[in-house]
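Following the hints, complete the assembly by docking chain B onto the known chain A.
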Amino acid sequence: MQCSISETNIVYVIDIVDPPRLGFQLTLKLHLDKIPRGKFILCTSFHYFFTFSFNAEAIKIITRISEIQAIILSSQLKEMLKSLNFQDDSQAMNNNNNNNNRRPIRIVYHPSEPFYVFRQREKITAVFPMNFRDNSDVVIATSFFQNTVWFGSVYFGWVGPNQKEMGKAPQCSWSPVPAYQLRGEPVQDLTTNSGFVSFDITPRHVEGKRLDKTVWNLLNFYAYVKYHIKCSRGYIQRRMRKRMDSLVKLLNNTSLKEETQVMNGRCKYIKELVKVPKGKLMIKQRCKEMSRRVKISRFRIKINGCARFRFNQRWISLPKFSSNPSNKSYTKLD
Amino acid sequence: MANPLRLYLACIKNTLEAAMCLQNFPCQEVERHNKPEVELKTSPELLLNPVLICRNEAEKCLIESSINSLRISLKVKQADELENILTKKFLRFLSMRAEAFQVLRRKPVQGYDISFLITNYHCEEMQKQKLIDFIIQFMEDIEKEISELKISVNTRGRLVATEFLKQFM
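Line by line, the protein sequences give chains A and B. Those letters in the first sequence? Residues 1 to 334, by the numbering used here. Those letters in the second sequence? Residues 1 to 169, by the numbering used here.
None of these hints come from the bench; they were simulated from the model. Bear in mind that the values here come from a model prediction, so they are computed numbers and not experimental data. Ideal placement from N, C-alpha and C gives every residue a C-beta, glycine not left out. Hints may be right or wrong, so weigh each one.
Computed footprint of chain A on chain B; a stretch qualifies when at least three of its residues, placed anywhere within it, have a C-beta under 8 Å from a C-beta of chain A [claimed, not checked]:
{"id": "1", "region": "100 to 111"}
{"id": "2", "region": "133 to 143"}
{"id": "3", "region": "149 to 158"}
Within a straight-line C-alpha distance of at most 27 Å, the following computed DSS-like cross-link-like pairs (lysine-lysine) qualify [as the list claims (entries may be wrong)]:
{"id": "4", "chain 1": "A", "residue 1": "K213", "chain 2": "A", "residue 2": "K226"}
{"id": "5", "chain 1": "A", "residue 1": "K213", "chain 2": "A", "residue 2": "K60"}
{"id": "6", "chain 1": "B", "residue 1": "K130", "chain 2": "A", "residue 2": "K249"}
{"id": "7", "chain 1": "A", "residue 1": "K249", "chain 2": "B", "residue 2": "K75"}
{"id": "8", "chain 1": "A", "residue 1": "K226", "chain 2": "B", "residue 2": "K88"}
{"id": "9", "chain 1": "A", "residue 1": "K123", "chain 2": "B", "residue 2": "K166"}
{"id": "10", "chain 1": "B", "residue 1": "K41", "chain 2": "B", "residue 2": "K13"}
{"id": "11", "chain 1": "B", "residue 1": "K130", "chain 2": "B", "residue 2": "K144"}
{"id": "12", "chain 1": "A", "residue 1": "K230", "chain 2": "B", "residue 2": "K88"}
{"id": "13", "chain 1": "A", "residue 1": "K242", "chain 2": "B", "residue 2": "K77"}
Chain A on its own, in the form it takes in the complex (with noise of 0.2 Å):
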């Protein structure tokens, strides 16, 4: 298998090792101190200051590098994605196997996930056999198939009044069966417990740029799906938390202790004003207040410094009567 690299760059980063190592298709040499260094730029912020390094060719070529499986992997679905936009049988597909244009052709871009490719006529049909592992994912991903299959003969012309989206986007149909052109295929292949999705790709889905994005959709459906699950166990997990929450709030206002609970400020003034006292406590407090208020009416209006003229500080003193015989101040007459 080879692959032409045409930036200069990257021809010097990259070596290819021939030959490849045991087990593998490709082995490649990556000069690490070849990839260009940054220019350094020098930022300044009203409260810090800080430098960092910014250099777009050396992320171009780390990402060219990066894609380069995808690209290898990819390299044969656009072979025959372009051949159906040639519209020219006689281009055959890389495949010892098979000396047939129209035997499907097996494609792995993820392990023990492939997906298989057919020539029909005038269009290109792609079929991915769904598995999953958990029972509620087969039950999101059906909805979602479903979806995609409703939504895919709307655009696709077959359902809905509006002319303009006929032909745009891939017919989608979803079948628990495989396709008969599948026949001869691995068993191991053919076992799914969510059916077989797929996409039938037209020459105008392949006109011009729309051939990368057709072949990189295609490749990443699977990821796609998983993804789109992935999401939505997520989303039920925290409205499952919240919902949780609202209900053990609801059974902790059930309890007993709530009323004597400390509450907020305001709440415990509002509180100690209704609060009534009971019982012996009650009656203390009761004289407490009466004689208070004996006081007051006695002393009702209380000037600051004439404190010599209040009744229990009295410079005028009155006579004392008392029933002892002893004190007696005076003397019988005879």
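Then chain B, alone, in the frame of chain A:
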């Protein structure tokens, strides 16, 4: 809310008000033990007749009462596969966190989706009327949550499918 649901919940509420008359009762067989009699079912004289309230074939509520404990088991409506999965996930999620709910049973009774176990101690710590209101509110919230989850999952699937197909255009 629809009338049939209101009637169903009203019936459950009235039954709970009658059944939730619990008192402390030490175990008759083992010294210094205090067990919820509705779980053991060893002494028939301590058990009341169980009451089964059915809204339809798919939804029902079983209320089993005893002298010191009460067990409420609920079966929730599951119309299709998606609702089935969502109900199972959600109720299992709640059951696994039963200690936060105190009155929830970690494992539902066989044939039902979720179960509560209320003992005399719960009645001493919590207000009886509010506890009954909580059970009713719980049932309403479960139904509402599962419907909302189903709609959300379908809406998400629709949006994601649209976005995927738009990439080809």
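**Report entry** 8 Å C-beta test of the region 133 to 143 of chain B against chain A, three or more residues
**Finding:** With 5 residues closer than 8 Å to chain A, the region 133 to 143 of chain B meets the three-residue bar; holds.
Query raised in the report: Does the structure keep K130(B) and K249(A) at a Cα separation of 27 Å or less?
Result: Holds, at about 13 Å.
Requested in this report: Compare the distance between the alpha carbons of K226(A) and K88(B) with 27 Å, and conclude whether the hinted pair is satisfied.
Outcome: Given that 27 Å is the threshold and the Cα spacing comes to 21 Å, the pair holds.
Query - Hint consistency between K130(B) and K144(B) [alpha-carbon to alpha-carbon, up to 27 Å] - result: With a Cα-Cα distance of about 20 Å, the restraint between K130(B) and K144(B) holds, given a limit of 27 Å.
Requested in this report: Verify the proposed pairing of K41(B) with K13(B), using a straight-line Cα cut of 27 Å.
Outcome: 24 Å, holds
Query raised in the report: Is the Cα-Cα distance between K242(A) and K77(B) 27 Å or less?
Result: 22 Å, holds
Query raised in the report: For the region 149 to 158 of chain B, do at least 3 residues have a Cβ located nearer than 8 Å to some Cβ of chain A?
Result: Three-residue rule met by the region 149 to 158 of chain B, so holds; n is 7.
Requested in this report: Verify the proposed pairing of K213(A) with K60(A), using a straight-line Cα cut of 27 Å.
Outcome: OK: K213(A) and K60(A) at ~20 Å, within 27 Å.
Query - Given hint K226(A) paired with K213(A) - CA-CA distance at most 27 Å - result: 19 Å, holds
Query raised in the report: Are the Cα atoms of K230(A) and K88(B) separated by 27 Å or less?
Result: 18 Å, holds
Query raised in the report: Quick check: the region 100 to 111 of chain B, covered by chain A? Criterion 3+ residues, Cβ under 8 Å.
Result: holds (count 4)
Requested in this report: For the pair we were handed, K123(A) and K166(B), check the Cα-Cα distance against 27 Å.
Outcome: 19 Å, holds
Figure legend: structure checked against the earlier numbered hints; every hint is met.
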